[in-house]
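Participant: Okay, here's what each chain looks like letter by letter:
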Amino acid sequence: MLPSPVLHTMAALLTIAIFSFLYRDNPVYKFAEHIFVGIAAGYIVAIEFQNVFLPNLWRPLLAGDYKLVIPFLLGVLMFSRFTVRFNWLSRWAIGLMVGTFSGLAIIGFAQGDLVAQIQANMLPLKAGSLIDTFTNWVIVVGVLATLVYFFFSKEHKGALGATAKLGIWFLMVSFGASYGFTVMARISLLVGRLLFLLVDWPASLGIELIR
Amino acid sequence: MRREVPLIITAIFGSFMVIEYFVPHPSVTGFGEMLQQWAIIVVAFAYVLGVANIVRINGEKISKRSKDWPYAFPLLAGLGFMLTVGVVFGVGNGTLFSDFYLYAYAPMSGTMFSLLAFFIASAAFRAFRIRTLEAGLLAVAAVIVMLGRVPVGTEIWDKLPVISDWIMNAPQMAAKRAILIGAALGAISTGLKVILGIERNYLGGD
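For the protein sequence lines, the chains are A and B, in the order given. Following the working numbering, the numbering of the first sequence begins with 1 at its first residue and continues without gaps. Following the working numbering, the numbering of the second sequence begins with 212 at its first residue and continues without gaps.
Incorrect hints may appear among the rest.
As the list claims (entries may be wrong) - A partial selection of chain A residues facing chain B, derived with a Cβ cut-off under 7 Å:
1. Pro3
2. Lys30
3. Arg85
4. Trp88
5. Gly99
6. Thr100
7. Ser174
8. Phe181
9. Ile187
Unchecked claim - Derived pair list, reagent style PhoX-like, types lysine-lysine, alpha-carbon separation capped at 20 Å:
10. A:Lys154 to A:Lys165
11. B:Lys272 to A:Lys30
12. B:Lys278 to A:Lys30
In case anyone wonders, no lab produced these hints; they're calculated from the structure. Built from N, CA and C at the ideal position, the CB exists for glycine as well.
In isolation and in its complexed conformation, chain A is listed as follows (with noise of 0.2 Å):
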């Protein structure tokens, strides 16, 4: 393990390199830019090895588990790829992996999002208190005209593009939610960041800036 004072002045200097982009695009942020693309690429293959290669393919196969020669087969066609005659062969390993995340996927939404929203909307229209009262039937009449809205299958004139414009509404409040959601958690990292420079960083070398 390095010195503390040292990973201190790499990650704040490597944070300054970042942030020298609110200037312009410069040198400096194209070194850091790119030193971060090829930690995060080293950083996913190596937590793979540790963490699937080895306890799932490596030592269960030398343990006598020869069943798994076929993915480890499968895994090595996909590298067919840079072959021009033979890349068609990779199709074998992604139509594993297509076909078992599909499955995945449609057990997993219909369980996770579909069943669970559905039962989440049904609420009591009539609730203890008037504003818990209140709060329920936005919350219904909001699912139901938003749904309306992103049915296509029928012009939207009428009582339908009355409650399509209904859900309009509700799309572009919660639109604005989510942005002003998204502004603060950026803020929030921004402050963690600045916090990292004027205290952190100073502490590690013994300094204190902000009292």
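Guided by the hints, dock chain B onto chain A, whose structure is given.
Facilitator: Chain B only, in chain A's frame:
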């Protein structure tokens, strides 16, 4: 062989993932778990393929002296370093790998995302104009949610955080719930189309 085999593999693996849920017999779930393990292994190879592609593209960039080629060196150095320390010394806490994750990857990732605070604010300022009722609703909701999450919002009006939370928990959630229901229906139908071989774009050309 070129199209039929991958379609059969997709159909077998996909349908088994669905069957496994509805038939919770140990023999079926055991086989299903094995297939899932196989898929996880193949996905790990796909990550390696992605990194091999990065190395190939950046190697070509250096050899052909393409635009910005010197920047391919820090990229490959960062990749090689993280890969080597992760594979050789492990990825646990207190390793060189975790040091570089915490003091190189995490700070840069956080800073990149924090930069978006400036860019989404300036993009909204340049592009957004309140000319319709819908745009007004969007702006009012955004302002209330932003002010409701900072101390100055409470200073302006102490009910702002309560209204902000209500917007997030009622109208925002209603629209989000409808979008989730629609997206789930879309994902289920796409999954079925893939398993039944109707959707074949993932196979590419030829």
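Participant: None of the hints should be skipped; say for each whether it holds.
Facilitator: So, going through the hints one by one against the coordinates:
1. Interface restraint check for A:Pro3: the shortest CB-CB distance to chain B comes to about 10 Å, outside 7 Å, so the restraint is violated.
2. For the restraint placing A:Lys30 at the interface with chain B, the shortest Cβ-Cβ distance is roughly 5 Å, inside the 7 Å limit, so the hint holds.
3. Contact between A:Arg85 and chain B, as hinted, is not supported at the beta carbon level, the nearest pair being about 12 Å apart and thus beyond 7 Å.
4. Here the hint on A:Trp88 is kept, as its CB sits about 5 Å from the closest CB of chain B, short of 7 Å.
5. Taken as an interface hint, A:Gly99 checks out: its beta carbon lies about 4 Å from the nearest beta carbon of chain B, inside 7 Å.
6. Of the supplied interface hints, the one on A:Thr100 holds, with its beta-carbon coming within about 4 Å of a beta-carbon of chain B, less than 7 Å.
7. For A:Ser174, the interface hint holds, the least distance from its beta-carbon to any beta-carbon of chain B being 3 Å, beneath 7 Å.
8. Interface hint at A:Phe181: satisfied, since its Cβ lies 6 Å from the closest Cβ of chain B, which is below the 7 Å cut-off.
9. The criterion of a C-beta within 7 Å of any C-beta in chain B is met by A:Ile187, whose closest approach is roughly 5 Å, and the hint holds.
10. Note on A:Lys154 and A:Lys165: the hinted pairing holds, with a Cα-Cα distance of about 14 Å set against a maximum of 20 Å.
11. In summary, the hint linking B:Lys272 to A:Lys30 is supported, as the alpha carbons are separated by about 15 Å, within the 20 Å threshold.
12. Using a Cα cut-off of 20 Å, the hinted pair B:Lys278 and A:Lys30 holds, with the two alpha carbons roughly 13 Å apart.
The structure fails hints 1 and 3 (numbered hints given earlier, in ascending order).
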